[in-house]
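The lines below spell out each chain.
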Amino acid sequence: MSAKDCDRIRDVLPEWILGTMGPELGIEMTRHLASCPDCRREEEVLRRLLSVRPTPPEGLAARIQARLKEEVGTGLEPEAPKTAGDVIPLFRRHRWTPTWALSAAAVVILSLGIGIVWNGAEIPEVGQSSGQVASEDPAPEAWLWDDGMVAGAPVYDGLTDDQLEALIEELEG
Amino acid sequence: MNSKLAFLVFALATTLGPLGLEGQVRPPGGMRQRQQLERRVEQGFARLVQAQLDLSPEQLSSLQAVMQSFREDRQAVNQAQAALRYRLDDPGLPDLTDDAAKEILAEMIRVQETEVDLYRREQAQLLTVLSPNQLVRFYRLREEWGRRIQEMRQPGGRGPGGGGPSAGWPLGSASGLGS
Numbered sequence: 032m033s034a035k036d037c038d039r040i041r042d043v044l045p046e047w048i049l050g051t052m053g054p055e056l057g058i059e060m061t062r063h064l065a066s067c068p069d070c071r072r073e074e075e076v077l078r079r080l081l082s083v084r085p086t087p088p089e090g091l092a093a094r095i096q097a098r099l100k101e102e103v104g105t106g107l108e109p110e111a112p113k114t115a116g117d118v119i120p121l122f123r124r125h126r127w128t129p130t131w132a133l134s135a136a137a138v139v140i141l142s143l144g145i146g147i148v149w150n151g152a153e154i155p156e157v158g159q160s161s162g163q164v165a166s167e168d169p170a171p172e173a174w175l176w177d178d179g180m181v182a183g184a185p186v187y188d189g190l191t192d193d194q195l196e197a198l199i200e201e202l203e204g
Numbered sequence: 015m016n017s018k019l020a021f022l023v024f025a026l027a028t029t030l031g032p033l034g035l036e037g038q039v040r041p042p043g044g045m046r047q048r049q050q051l052e053r054r055v056e057q058g059f060a061r062l063v064q065a066q067l068d069l070s071p072e073q074l075s076s077l078q079a080v081m082q083s084f085r086e087d088r089q090a091v092n093q094a095q096a097a098l099r100y101r102l103d104d105p106g107l108p109d110l111t112d113d114a115a116k117e118i119l120a121e122m123i124r125v126q127e128t129e130v131d132l133y134r135r136e137q138a139q140l141l142t143v144l145s146p147n148q149l150v151r152f153y154r155l156r157e158e159w160g161r162r163i164q165e166m167r168q169p170g171g172r173g174p175g176g177g178g179p180s181a182g183w184p185l186g187s188a189s190g191l192g193s
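Heads up: the sequence lines are chains A and B, in that order.
To convert, note that position 79 of the first sequence is 110 in my numbering; the numbers rise steadily by one, no gaps.
To convert, note that position 26 of the second sequence is 40 in my numbering; the numbers rise steadily by one, no gaps.
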């Protein structure tokens, strides 16, 4: 086991952790990690980082795809999952993706966020009151638990600050 | 920069980016102001209850403490209910697998049970402050209060700019709830 082996293994650790790696590579990874404490430590750190990564709400991806399809039209079919046959063995793999690409992506994401704030664009506020869930469409008019009460007490979701002020006036008046 | 470092930067950006963004977008103190408003509404309601049920200042204080102590549990149930509504509103619902549907059905039961449990625990605590008779009247007031809020929530409902509260609110002695 050489330092070069370790470098290669660490390069593909994210895929290994995310479970997007083919079975052939998986065997090599398992063998290497079993015999290399340094790489195991590396794997542990990355796993911890990923475990605190926020997950998008269920169905969000499908909604986005459906909306994009509506707006753009065709050509947005979901990518078929990779099969074992599609996977190039680890040590014959061409690293065509530049390593700076991920960093660039991170910078772009942060820049977009800062840019939106800088320009004062309106962003829907998520969870202004704790019970709110971001949704473009209004909640169905009649559905389970749609009476604005939880365990017999009212909640204030969906009320504006002005309406709350009006309620306070009513109570105090 | 090797790919490991790039990955670390990416993971941190996706983890911390939205948090930072949220902090920047939300007006300073906006969340706190909202919480203060909600608290003032609850305090106002508690004072109304005090007047209607002729509670002593000590009873009022204990009542407010009980109501406050269940606030987080109530918010958690509210969130769980909202999450369920969100899932049921998913356009992909017709294509749901049986396993995924069963998971939603189980979650519905769990949320209902949690709500009943919350109701039971709160009732037990309220009974340490109010007599059974007062508690029944308290529930009646709260129901009426909830209806008023729901009315205000409806589009075109009786809220600011939409007319005044319904007749009979706040409940007066004519309602039969006064002591």
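Since the hints were made in silico from the structure, they are not lab data.
Computed from a predicted model, the values in this text were never measured in an experiment.
Heads up, the beta-carbon is just placed ideally off N, CA and C, and yes, glycines get one too.
Heads up, a few of these hints could be off.
Said to hold, decoys possible - Stretch by stretch, here's where chain A covers chain B in the computed footprint (C-beta under 8 Å, at least three residues):
#1 57-64
#2 99-113
#3 129-135
#4 160-169
What the hints assert, rightly or not - Among the chain A residues that face chain B by a calculated CB cut under 10 Å, a handful are:
#5 58
#6 93
#7 94
#8 177
#9 184
Here is what the structure says about each hint:
no.: 1; hint: 57-64; in the structure: holds (count 4)
no.: 2; hint: 99-113; in the structure: holds (count 8)
no.: 3; hint: 129-135; in the structure: holds (count 4)
no.: 4; hint: 160-169; in the structure: holds (count 6)
no.: 5; hint: 58; in the structure: violated, 22 Å
no.: 6; hint: 93; in the structure: holds, 5 Å
no.: 7; hint: 94; in the structure: holds, 7 Å
no.: 8; hint: 177; in the structure: holds, 8 Å
no.: 9; hint: 184; in the structure: holds, 6 Å
Checked against the numbered hints above, the structure breaks only hint 5 and satisfies the rest.
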